[in-house]
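Q: Chains as they are written, first to last, in our numbering: chain A, 1 to 201; chain B, 1 to 201.
In short, the hints are calculated from the structure, not lab data.
Do not rely on the hints blindly, as some may be mistaken.
Claimed, not checked - Computed cross-link-like contacts, EDC-like style, restricted to lysine to aspartate or glutamate with a CA-CA straight-line distance of at most 16 Å: (1) Lys91/A to Glu94/B; (2) Lys191/B to Asp181/B; (3) Lys91/B to Glu94/A; (4) Lys58/A to Glu106/A; (5) Lys37/A to Asp47/A; (6) Lys58/B to Asp47/B.
Number of protein chains: 2
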Amino acid sequence: MKLIAVTNDCLPDHRLAEVLLAIQPSVDAVILREKSKTDREMVRLIDHLVESGFEQQKLIVHGRVDIALACGIGRVQIPGHGIPPALIKNKIPELSLGKSVHSYNEAISASEDGADWVLYGHLFETRSKEGLSARGTVELSKIIADLPIPTYAIGGIQPSHLKELARLGVAGIAIMSSIFDSDHPGQAIRKYRQELEYVRN
Amino acid sequence: MKLIAVTNDCLPDHRLAEVLLAIQPSVDAVILREKSKTDREMVRLIDHLVESGFEQQKLIVHGRVDIALACGIGRVQIPGHGIPPALIKNKIPELSLGKSVHSYNEAISASEDGADWVLYGHLFETRSKEGLSARGTVELSKIIADLPIPTYAIGGIQPSHLKELARLGVAGIAIMSSIFDSDHPGQAIRKYRQELEYVRN
Chain A
1 MKLIAVTNDC
11 LPDHRLAEVL
21 LAIQPSVDAV
31 ILREKSKTDR
41 EMVRLIDHLV
51 ESGFEQQKLI
61 VHGRVDIALA
71 CGIGRVQIPG
81 HGIPPALIKN
91 KIPELSLGKS
101 VHSYNEAISA
111 SEDGADWVLY
121 GHLFETRSKE
131 GLSARGTVEL
141 SKIIADLPIP
151 TYAIGGIQPS
161 HLKELARLGV
171 AGIAIMSSIF
181 DSDHPGQAIR
191 KYRQELEYVR
201 N
Chain B
1 MKLIAVTNDC
11 LPDHRLAEVL
21 LAIQPSVDAV
31 ILREKSKTDR
41 EMVRLIDHLV
51 ESGFEQQKLI
61 VHGRVDIALA
71 CGIGRVQIPG
81 HGIPPALIKN
91 KIPELSLGKS
101 VHSYNEAISA
111 SEDGADWVLY
121 GHLFETRSKE
131 GLSARGTVEL
141 SKIIADLPIP
151 TYAIGGIQPS
161 HLKELARLGV
171 AGIAIMSSIF
181 DSDHPGQAIR
191 KYRQELEYVR
201 N
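Model the full assembly from the supplied sequences, consistent with the hints where possible.
A: Set out below in structure tokens:
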């Protein structure tokens, strides 16, 4: 089961870089979801991360195929209202695309439309989706059963959930608030990593 | 001298399509600057325009290289804080890129960075840039003189300005409010077109 961090668009650049470098050893990938940044700021952030020693292969750009292309990043997480994956694959087949989905039907469509993975959520209650009801794991397990591509889960996932999620067969989990709202992001992510190692054995 | 319309992100889709089809015969290009639309909505709008008979070759996408690529549009207008043109040209050399600039130095940088044209503004007072002081034509004429690529102008340009702008050697003008805030966009654009024909002769 993979462990993915999703940035929360709240940290100043130098702090964000610091946190990402600190959590790098414990995560399999980072989705850069910095929606308030300009395109040029995104390019600068990615350049800075790579120059500072963050592995380019661990980066996933949220939403923006062009920024990924410009920066040599091979993976993009497409939001629900993003460019349909098929249109992107048609032009840039070498790009890997994840699609964010919120239902079984959206997951099936994403898979048929050429997505390489889906990210389903939000699973449990979370600060970043306050007031929206959580989806739970019932639909998630149907998606996992029926999709030929990997299903990731996001939303309020705590280390204590990992055993159950592993049992359901999720390909990985994505974490935002628990890392980026924490005063000790390195410690926070290590709790997930330790639990994952425990679940694996 | 070319005549370019820039959409103002205020019209509902059906009205926008109606207006664009109505002004199509009078304009050389349209910059789709619909910043509040989702990526999927942009793709749908472009599909709808092309299916309705709008010439694909007359479309320029504002800011989004990936949406242009996905929709088979060959030209993108890059804002001041957009992805640097050189990074885009490096990956997709066949794309034509205009850069929006607000000073002589920005124009020189854009040209050196591989932009195919610059769009300088805002030239005169305009409703879409209320409270910001207009730049006038002095810097514009320096840019025209020193840049090896075409210089377009934008901002509060009225038909009465065209003679002077033609004398300065601008490659074309871009119009937003005068068309899209008008109750009669077709009539509004024809006044520019008629004046351009007059200036040409």
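Q: So, for every hint listed, does it hold in this structure?
A: Evaluation of the provided hints:
no., hint, in the structure
1, Lys91/A to Glu94/B, "13 Å, holds"
2, Lys191/B to Asp181/B, "15 Å, holds"
3, Lys91/B to Glu94/A, "13 Å, holds"
4, Lys58/A to Glu106/A, "26 Å, violated"
5, Lys37/A to Asp47/A, "14 Å, holds"
6, Lys58/B to Asp47/B, "14 Å, holds"
Hint check: a violation occurs at hint 4 only; the rest are consistent with the structure.
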